[in-house]
Each structure stands twice: as structure tokens, then as C-alpha cells.
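**Q** Numbering-wise (this note's numbering), the sequence shown opens with residue 140 and increments by one.
Simulated from the structure, these hints should not be mistaken for lab results. Since the structure is predicted, the reported quantities are computational estimates derived from the model, not experimental observations. Just so it is clear, CB atoms sit at the ideal spot from N, CA and C, and this is done for glycine as well. Mixed in with the good hints there might be a few duds.
[To be verified] Pair by pair, the computed Cβ-Cβ distance ranges are:
(1) ASP243 <-> ILE180: 33 to 41 Å
(2) GLU267 <-> LEU210: 15 to 23 Å
(3) GLU225 <-> HIS184: 35 to 43 Å
(4) HIS229 <-> LEU280: 16 to 24 Å
[What the hints assert, rightly or not] Taking lysine to any residue pairs in the SDA-like style, the calculated list, with each CA pair at most 25 Å apart, reads:
(5) LYS236 <-> PRO197
(6) LYS242 <-> GLY196
(7) LYS264 <-> HIS206
(8) LYS264 <-> PRO245
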Amino acid sequence: MAESTTTRLIRAPRTKVYSTVADIQALAKCLQPEGTSSRIIGYDHVSRSLRMEISHGPRPEDTRRFHLAILEMREDEAVVYGAAFESDDHLLAGEMKIHFALKDAPGGTQITVRHEGIPARISVKDNERGTESSLRNLARLIEGRDA
Numbered sequence: 140m141a142e143s144t145t146t147r148l149i150r151a152p153r154t155k156v157y158s159t160v161a162d163i164q165a166l167a168k169c170l171q172p173e174g175t176s177s178r179i180i181g182y183d184h185v186s187r188s189l190r191m192e193i194s195h196g197p198r199p200e201d202t203r204r205f206h207l208a209i210l211e212m213r214e215d216e217a218v219v220y221g222a223a224f225e226s227d228d229h230l231l232a233g234e235m236k237i238h239f240a241l242k243d244a245p246g247g248t249q250i251t252v253r254h255e256g257i258p259a260r261i262s263v264k265d266n267e268r269g270t271e272s273s274l275r276n277l278a279r280l281i282e283g284r285d286a
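Model the full assembly from the supplied sequences, consistent with the hints where possible.
**A** Right, here's the structure in full:
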């Protein structure tokens, strides 16, 4: 399974970026890459996990459902999520870990997203494009403007 790392500057204090990344429902709104639609199917407040789907097109096979859960939190520094696709496709099997690391930077907060265990069905290039799009969404949400 592959890995990828993507970094972006968000023009906001680290505490604000952390509070959004640590809010699984807020983060879920940002995960939808440009050109797709998404919806939360279920949310469990106690386990801090949710099920959601992202659709890349009109056909049922264009929709991927997955489970997302917070595995680790270090206040104002990092959040680690576990993500697992709901699929019979063995090339989507396994848990992917998504690490969000934050550090102060001139003009705001540098956020680095590292994916470990990217399923074979998803190319590293596609994963990086999706992550860049998700980080633009996150910047829009936090900064309150076009990013």
C-alpha cells in the first residue's frame, strides 16, 4: 500500500485549524474533492466516528462509502484518522491512516496531511489531487473566503 504527503498554509491560528480538523463532522464537509458530491450517512458521537459516501458520477459504481474515525488527538498539534472503504473490492481493502500535523508558520498554520496505506485501487496521484482539493475546502471553511 502506498503513502503520500501534501502540505498547505492556512491563514489562521493553529488553535482554530486544530479545532476544525478535530471536529469530524466539520472535516467531513471538507473531504469532498472538487467535482464530487458527498453526504454523511451516520455519525456516532461517543466513538467520534462516521460513515459517509463520496460520489464521482451518476452511476452507483461511482460512489464510494467509507468509515472515518478519530484514532489519536494531540491538542493543537495533530489528529490521526482511520479510514476504511466499504467494498467487496479487495483493492480497496484495509485501513488507511490519515495524519494531520499542524505547526505555526509565517501568515498562519502549516498543515501537512500524510496518508498511510492508500488502497491499491486509488493512485497516489489521484489521492494527492483529492487531498489538495480537500485542503482548499478546509482553507475556505476556516479562512471564510475563497482559497
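**Q** All the hints need checking, so say for each whether the structure fits it.
**A** Hints, one by one, checked against the model:
| no. | hint | in the structure |
| --- | --- | --- |
| 1 | ASP243 <-> ILE180: 33 to 41 Å | holds (36 Å) |
| 2 | GLU267 <-> LEU210: 15 to 23 Å | holds (22 Å) |
| 3 | GLU225 <-> HIS184: 35 to 43 Å | violated (21 Å) |
| 4 | HIS229 <-> LEU280: 16 to 24 Å | violated (35 Å) |
| 5 | LYS236 <-> PRO197 | violated (28 Å) |
| 6 | LYS242 <-> GLY196 | violated (36 Å) |
| 7 | LYS264 <-> HIS206 | holds (22 Å) |
| 8 | LYS264 <-> PRO245 | violated (28 Å) |
The structure shown violates the earlier hints numbered 3, 4, 5, 6 and 8.
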